[in-house]
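Student: One-letter residues, chain by chain:
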Amino acid sequence: MADARCRRCGGALPPGGGCARCLLALGLSEGLTPQTGPGPSSVDPGLEVSERIGPYRVLDTVGSGGVGAVSLAEQEEPVRRRVALKVVRPGLASVDVLGRFEAERQVLALLDHPGIAKVFDSGSAEDGQPWVAMEWVPGVPITEHCDRERLTLGQRLLLFVEVCDAIQHAHTRGVLHRAIKPSNVLVTDVDGRPRPKVVDFGVAVALGPKVTEQTLYTALGILVGTPGYLSPEQTGPAPLEVEPRSDVYSLGVLLYELLVGGPPFDPRRLRQAGWAGLARIIRTEVPSRPSARVSTLARGTVSEAAFRRRLEPGSLARELRGDLDAIVQKALEKDPGQRYASVAELASDVERHLGGERVTAAPRSPWERLSATLRNLWARVAHPGSH
Amino acid sequence: MARFDTTNWSVVLRAGSDDSATAREALAVLCEAYWYPVYAMVRRYGHQAADAEDLTQDYFARFLEKGYAKELRPEHGRFRSFLLVSVRNFLHNERDRARAAKRGGGKPRISLDAAAADQRYSLEPVESVTPETLFERAWANEVLARALERLEGEVAETDGRDRFQQLKPHLTGDDQAMGYREIAESWGVCDSGAVRVAVHRLRKRFGRILRDEIAATVADPADVGEELRHLLASVGRFESPESASPERADDSRPGR
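Chains as they are written, first to last, in our numbering: chain A, 1 to 387; chain B, 1001 to 1256.
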């Protein structure tokens, strides 16, 4: 009993308990700013701390995208700075990936927008794994930022428009994101102001046309996107159908979450449904519109959501009814042809709402939506493979 | 960006001597959560189990009933430090009073499981720590336990309790953990990197929950880091293997 030792720090462990030191240290390292760097407890014992990839020295593995691990790394020459290093997961890299990465890197390097994390460099590691070094963004997911700061609906919408601007910038240069989700939209401090930055641009494209979300999911159990954020066409077998309006859909999901407090479909339900079930739900089920969803939430959840938006519980549904319901619904249309044609259009409608002008989106009654969905489904069944 | 504070402790402080239902509720939440450190400190002062239980109940009854509002000052930034001083004063004044008359009486009581408290206290590695140090350590452990519970709840909801049990030792530093490779096999993946990443995510999430729990007990969110450092200091340095095994709390010893 006196011999039980913490496997991380070696200190004595209380009987049946955890290492209080290490656990408390986790709280500290969560609050650290990038200048002070990660504390000792955030270094994983399994990872070689002095691992070098290209000109970068890996400091800490901070998480994973669907494509591979993300690490905080440091560059010393020619300039000293911290970067986010993404190394493609073993098993995903194929011969043409390197070529695609290089092509993507050149395009991505053209993206110069304050709302987009810059790509600095790319290459391949000793074992052939391609890597990309990009701007290290110390920030929190936008949903978390909005909740922590208790931003009002208006403030959230303003942030959302900034995100749209960044995505639109990329679209006009031919780069899709394809994996928009809260953890890819980080809010960070820029000159004293909190600004959103979109990370992980173009990562999915680098994987090549043969690799689809379905392949990734069934073979490796991972996704590039997050289930709830995948557009209906992204759950299909033909990835070539993915185009700017897929990003519009994902932005619609993000907007939904910012307004309501949760995504349109229950993530747990999607996960438990398996790939086929997930695809079916996303392609056929119409989620409740934001104001309706709020009305069906449990009282405690509504109170919390309202609180986080500085509203009285009774007001939240009312604020969402009308314009915001319509905008979200239009962004989340199953048929890309029915959505906003571009991210810029989505942003404009949000701005119209903020300015008190008429929005272009018209709220559709449940019956209209249902018949449109059925027509679409029928078209697909009758002519498989066509849009 | 200025934050609008509604953490439990800040609500209590702001209410001051005003009798507000929200403040009472916030206070009740805090007391229900952190009564054990008070109990442990009272025991360490030398009181036997039954007396300690009474005293603890007494303290909270008065605290919740009267609000001890006159004791509250805006500069009492941390509930923990406030409680420590308050309880010490209480015990000092209690010493001369007969306690028999105080039992029962329909006063607001916190739900204190006396048997569990006693058992828990008997497991404390007391060594030669002062009651105050024991209070601080018990407090730290309480915060950690709450954070772990919340984390378990979250993970259980999304990935199931089994998943949490597998990964938890890698969070708490337990020796008996399944290795990453073993866990990866049980998940049906061949890449232990996935496990490593899952562990990392768990640790980050725990860190956030922990900060949140602590934030509830401080008035200014900027104090969370400082409070964490204080708790780190109070749990003590790791002992070297050569040190003698710690003494167990023993009621037969005279209180120190």
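Any given hint might turn out to be false.
In silico SDA-like links for lysine to any residue, alpha-carbon gap of 25 angstroms or less [claimed, not checked]:
no., chain 1, residue 1, chain 2, residue 2
1, B, LYS1204, A, ARG148
2, B, LYS1204, A, ARG318
3, B, LYS1204, A, LEU176
4, B, LYS1204, A, GLU345
5, B, LYS1168, A, PRO267
6, B, LYS1204, A, GLY17
7, B, LYS1204, A, LEU186
8, B, LYS1168, B, GLY1188
9, B, LYS1204, A, GLU144
10, B, LYS1204, A, GLU319
11, B, LYS1204, A, LEU158
12, B, LYS1204, A, GLU135
13, B, LYS1204, A, VAL137
14, B, LYS1204, A, LEU354
15, B, LYS1168, A, SER183
16, B, LYS1204, B, ALA1117
17, B, LYS1204, A, GLY262
18, B, LYS1204, A, ALA305
19, B, LYS1204, A, CYS6
20, B, LYS1204, A, SER183
21, B, LYS1168, A, ARG321
22, B, LYS1168, A, ASP189
23, B, LYS1204, A, ARG150
24, B, LYS1168, A, ARG52
25, B, LYS1168, A, THR188
26, B, LYS1168, A, GLY18
27, B, LYS1204, A, SER29
Since the hints were made in silico from the structure, they are not lab data.
Student: Are the hints correct? Go through all of them and say.
Tutor: Status of the hints after comparison with the structure:
Only pairs whose Cα atoms come within 25 angstroms are accepted, and LYS1204/B paired with ARG148/A is accepted, the gap being roughly 17 angstroms. For a cut-off of 25 angstroms, the pair hint linking LYS1204/B to ARG318/A is broken: about 36 angstroms separates their Cα positions. For the suggested pair LYS1204/B and LEU176/A, the alpha carbons sit about 30 angstroms apart, so the restraint of at most 25 angstroms is broken. For a cut-off of 25 angstroms, the pair hint linking LYS1204/B to GLU345/A is broken: about 37 angstroms separates their Cα positions.
Between LYS1168/B and PRO267/A, the direct Cα distance comes to roughly 23 angstroms. Compliance with the 25 angstroms bound is thereby established for this hinted pair. Between the alpha carbons of LYS1204/B and GLY17/A the distance comes to roughly 19 angstroms, so the proposed pair stays at or under 25 angstroms and holds. Taking the CA atoms of LYS1204/B and LEU186/A, the gap is near 16 angstroms; set against the 25 angstroms cutoff, the hint holds. As the CA atoms of LYS1168/B and GLY1188/B are separated by approximately 19 angstroms, the hinted pair is consistent with the 25 angstroms bound.
Restraint check for LYS1204/B and GLU144/A: the C-alpha separation of about 14 angstroms stays at or below 25 angstroms, so the hint holds. Straight-line distance between C-alpha atoms of LYS1204/B and GLU319/A comes to about 34 angstroms, which puts the hinted pair past the 25 angstroms bound. With a C-alpha separation of about 29 angstroms, the suggested pairing of LYS1204/B with LEU158/A is violated against the 25 angstroms cut-off. About 21 angstroms separates the Cα atoms of LYS1204/B and GLU135/A, which keeps this hinted pair within 25 angstroms; it holds.
The straight-line distance between the Cα atoms of LYS1204/B and VAL137/A is roughly 16 angstroms, inside the 25 angstroms bound, and the hint therefore holds. Only pairs whose Cα atoms come within 25 angstroms are accepted, and LYS1204/B paired with LEU354/A is rejected, the gap being roughly 36 angstroms. Between LYS1168/B and SER183/A the CA atoms are separated by roughly 24 angstroms; this keeps the pair inside 25 angstroms, and the hint holds. About 31 angstroms separates the Cα atoms of LYS1204/B and ALA1117/B, which puts this hinted pair outside 25 angstroms; it is violated.
Distance hint between LYS1204/B and GLY262/A is fulfilled; the C-alpha atoms sit about 21 angstroms from each other, no more than 25 angstroms. Distance check on the hinted pair: LYS1204/B and ALA305/A sit about 24 angstroms apart at the alpha-carbon level, within 25 angstroms; holds. This hinted pair checks out: LYS1204/B and CYS6/A have alpha carbons roughly 19 angstroms apart, not beyond 25 angstroms. The straight-line distance between the Cα atoms of LYS1204/B and SER183/A is roughly 14 angstroms, inside the 25 angstroms bound, and the hint therefore holds.
Taking the CA atoms of LYS1168/B and ARG321/A, the gap is near 43 angstroms; set against the 25 angstroms cutoff, the hint is violated. At most 25 angstroms may separate the alpha-carbon atoms for a hinted pair to count; LYS1168/B and ASP189/A exceed this at roughly 33 angstroms. Taken as a hint, the LYS1204/B and ARG150/A pair is honoured in the structure, with Cα atoms around 22 angstroms apart against an allowance of 25 angstroms. Our distance criterion of 25 angstroms between C-alpha atoms is broken by LYS1168/B and ARG52/A, whose separation comes to about 30 angstroms.
Between LYS1168/B and THR188/A the alpha-carbon distance is near 30 angstroms, which puts this suggested pair outside the 25 angstroms criterion. Of the supplied pair hints, the one linking LYS1168/B and GLY18/A holds, its CA atoms being roughly 9 angstroms apart against a limit of 25 angstroms. In summary, the hint linking LYS1204/B to SER29/A is supported, as the alpha carbons are separated by about 9 angstroms, within the 25 angstroms threshold.
When held up to the earlier numbered hints, the structure conflicts with 2, 3, 4, 10, 11, 14, 16, 21, 22, 24, 25 and fits the remainder.
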